[in-house]
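Need the complex rebuilt from these two chains, each delivered in its own frame; the hints are there to steer you.
In order, the protein sequence lines correspond to chains A and B. Mapping the first sequence onto this note's numbering, position 181 (from 1) lands on 182, and the numbers just tick up by one. Mapping the second sequence onto this note's numbering, position 209 (from 1) lands on 264, and the numbers just tick up by one.
It should be emphasised that the hints constitute simulated quantities derived from the structure, not laboratory data. Cβ coordinates follow ideal geometry from the N, Cα and C atoms, glycine included. There's no promise every hint is true.
Simulated DEER-style distance windows between Cβ atoms [stated by the list, open to error]:
1. A:Arg45 x B:Phe74: 21 to 29 Å
2. B:Gln133 x A:Arg182: 28 to 36 Å
3. A:Thr222 x B:Thr134: 49 to 57 Å
Residues of chain A placed beyond 12 Å of chain B at every Cβ, according to the derived structure [unchecked claim]:
4. Phe7
5. Arg55
6. Arg62
7. Val71
8. Phe86
9. Arg108
10. Gln110
11. Gly142
12. Asn155
13. Arg182
14. Asp212
15. Ser228
16. Leu230
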Amino acid sequence: MTPPSFTPTGIRFENIDKRYGGLYALRRVSLEIAAGECVVFAGRNGSGKTTLLRIAARLARPSSGSVSFVNRRGEKGETLPPAGFVAHATMVYDELTAEENLLLFARLQGIAEPASRAEILLREVGLLERRNSLVRTFSRGMRQRVAIARALLNEPAVVLLDEPTTGLDPQGASWFAETLRGLRDSGRTILMSLHGESEVSTLATRAIRLDAGAVVADTHTGANFRSILAFANA
Amino acid sequence: MALLSNTAVLLGKELRTEFRSRELLTTTTVFVLIVIVLFSFSFDPTSAESRRFGAGLLWLAFLFAASLMLQPCFLREQTSDTLSALRLSVSDPFAIFLAKLVANTLFLLLTELMLLPVFAVMYNVPVLPTLHWLILVFFLGSLGVSIAGTALSAISAQARMRELLLPLLLLPLLTPILVASTEVTAALFAGSPYVQWKGLGFLAVFDVAFLTTLWLLGEYLLEE
Chain A
2 MTPPSFTPTG IRFENIDKRY GGLYALRRVS LEIAAGECVV FAGRNGSGKT TLLRIAARLA
62 RPSSGSVSFV NRRGEKGETL PPAGFVAHAT MVYDELTAEE NLLLFARLQG IAEPASRAEI
122 LLREVGLLER RNSLVRTFSR GMRQRVAIAR ALLNEPAVVL LDEPTTGLDP QGASWFAETL
182 RGLRDSGRTI LMSLHGESEV STLATRAIRL DAGAVVADTH TGANFRSILA FANA
Chain B
56 MALLSNTAVL LGKELRTEFR SRELLTTTTV FVLIVIVLFS FSFDPTSAES RRFGAGLLWL
116 AFLFAASLML QPCFLREQTS DTLSALRLSV SDPFAIFLAK LVANTLFLLL TELMLLPVFA
176 VMYNVPVLPT LHWLILVFFL GSLGVSIAGT ALSAISAQAR MRELLLPLLL LPLLTPILVA
236 STEVTAALFA GSPYVQWKGL GFLAVFDVAF LTTLWLLGEY LLEE
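In isolation and in its complexed conformation, chain B is listed as follows (with noise of 0.2 Å):
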């Protein structure tokens, strides 16, 4: 209960800061949007070529847009401190990576939905038509990519080499939940009458793995 409570108030903190400076959410919808615009005219693909190779586009600017957005996760906490302050004050030192991931992945969901209209215009996808199954894939792998990238910018932010390392890791890490997103998303633009479960059910398993190594271990990588 004191862990729910806990991510309740830190999750307020943390949207209430980012809606207060727009910092990250300003920044990846800009990136992603440069992402599109830019392929689209430099390729200029036909609406058949855009359904076989949108889903990968699109999805690699998530990527690199999340990669934007996780860098500062733990690195602004530890400007004033403030990450020692959250330590003495939570019950349950995963409340705050709960509270971080969550936020994330709202973020980085948001950005998202934002931007699948321009690119449903720009790439002439048709996207209404599979848009509820659309944002479950997007969900879910963006819960992947959040809970991964919140617990290695906790690991970081505290390194040397730190605006480095978070790519690094990261990358190499979500090969299989971009792999797997990017199938399942490919198949939904393709018009596929069938909803590639597969894909999703490799998606949910790699979210739930991922959110239990970071309940397990969550607490040894907040330690000095």
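Pulled out of the complex, with its shape left as it was, chain A reads as follows (with noise of 0.2 Å):
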């Protein structure tokens, strides 16, 4: 990957509180990330997994506490530029070419030169020789190949990973777990969901499991850690 040219950021959740209705996605999660950290949330279906990263990456707004970007004192941040968001969704456009989405997100971002960071993101991800296709002919491993580039356009201190792999071919699930070690040997924070990956899994320095919108378990090391982690595997 590109060298890094980001602040090394962690996150805090303050007792996130998220209610649809009368429905609890979260429960009183409060979490400090520490800048560096490759973070693994395991558990079920209806967990709050998703709930939690999209509230860390201010998609949704948390119906009480706080969600804050911290430095390595652990002091809260200047405005950083937005976290880097992939989902299982692709979250690009079908109607545009690979180029095309780049440098539409490239320019919304205010990124300075965006055609030659769209070409960096585009040999990095493999796909500069079909630069010019819609994404609409791409299969769904290249797609998740754009997805990626557009989470790393604007070099983001934290990536955010929503069940990332999921509908990868095991070739594909292999590329993503290098790219992923690679911006974790970057010294970004990752915090990710998982369902079904074990390559991708085994990169994380911290597992914390979810249960009914709280947090249960939380460890980095141990039998505990690698329950979690097989847990995401389930």
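Printed below as a string of structure tokens:
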């Protein structure tokens, strides 16, 4: 990957509640994610993983509590560029080419020299030769590569991944695991929810299990860590 | 400044995707054309009748065409969750609305201007002497329809009965703008020596009021 040009950043969740009507998606979630950590969220469907990631991305507003970005010393940071967000939906336009998609989002984010940034990322995700092809002609794996390139346009310090390998074939998942390893080793903070991946979840440095919107296990090492990862792989 | 540049970039995207697929323009043009032709053959109106009833028919066709056009406005942003990507990328969410409503106004206006000659020929209504005023009424009316429709499209796209909800919300809300547009257009068709400034003023005030409301509340319409 390209040399990092971001400020290492952590995330602090403070007493997050999220309600949809009378239904609690998250209950009093408090977490301190240090800069550079690679955290995997595990849990059943509806346990609150996606909601927590969307709150971290500022796509959803918590019903109560707050989320903030913090520096290495744990102090609340200045306004940071948006986190890179990759979900199982690709979040790119099928009717635009790979390059047009990246140029669109680069221009919206005010990135200097969007064309060269798009070219760099297309090369990194192995789609430079297909830059002028419409995304709707791509395979699922290729679309996800465009999605990852889009998420990395502004060189985010925090990368949020919501079941990012859904629908990828084994080669695609291996490529994704390698990409993720590069992101982790570059010092980015990574939060991901997983469902059925093994190669990707082994990259985690911390595992958190959610159940009915609450944190029920949070560990860095040990048998519990492996059991949570195993749960993510279930 | 960021609002304008983001709007320009997003408007470019809207125009590019539409002119690539021609999905909305084709649907609405065909729909309005069918209505105009069908009514012409069904009623075979005289020129005097056309001048009296033509404006209402025209705006009714435009309204239904607009509801066809506005339905997928935010709905297609949900297919691949591109709305989330837009929200993460723009500095002001109003840019998303602004680009969409400008695009919708342009598409609607284009449809109207393409079909006006067909209407003029089939209903024997001379439109050339008042063409510049008609364009102004069409613009103000279409802008109002697009502003309200774009806002409601954002709301209905998140709802369960989305296909039903948009027309249900849109039709009552647009009644005042349709009445004003129809009255001004009818007066122009009738060759009235005076332009109905009152009607034009009402349309302009409606547009400004709805645009201001959208600017103030638009961010909340996109929230989950």
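We went through each hint and held it up to the structure:
1. A:Arg45 x B:Phe74: 21 to 29 Å: violated, 45 Å
2. B:Gln133 x A:Arg182: 28 to 36 Å: holds, 32 Å
3. A:Thr222 x B:Thr134: 49 to 57 Å: violated, 41 Å
4. Phe7: Holds: least Cβ distance 16 Å, greater than 12 Å.
5. Arg55: With a cut-off of 12 Å, A:Arg55 comes too close to chain B, as the shortest Cβ separation is near 7 Å.
6. Arg62: violated, 6 Å
7. Val71: holds, 20 Å
8. Phe86: At roughly 6 Å from the nearest Cβ of chain B, A:Phe86 sits no farther out than 12 Å, so the non-interface label is violated.
9. Arg108: The claim breaks: A:Arg108 does not keep its Cβ more than 12 Å from every Cβ of chain B (closest is about 5 Å).
10. Gln110: It is violated; A:Gln110 is separated from chain B by about 5 Å at its closest Cβ, not greater than 12 Å.
11. Gly142: It holds; A:Gly142 is separated from chain B by about 15 Å at its closest Cβ, greater than 12 Å.
12. Asn155: Violated, because the least Cβ-Cβ distance between A:Asn155 and chain B comes to about 9 Å, which does not exceed 12 Å.
13. Arg182: holds, 24 Å
14. Asp212: holds, 22 Å
15. Ser228: Holds: least Cβ distance 32 Å, greater than 12 Å.
16. Leu230: Its Cβ never comes within 12 Å of chain B, the nearest being 27 Å, so this holds.
Hints 1, 3, 5, 6, 8, 9, 10, 12 from the earlier list are contradicted by this structure; the remaining hints agree with it.
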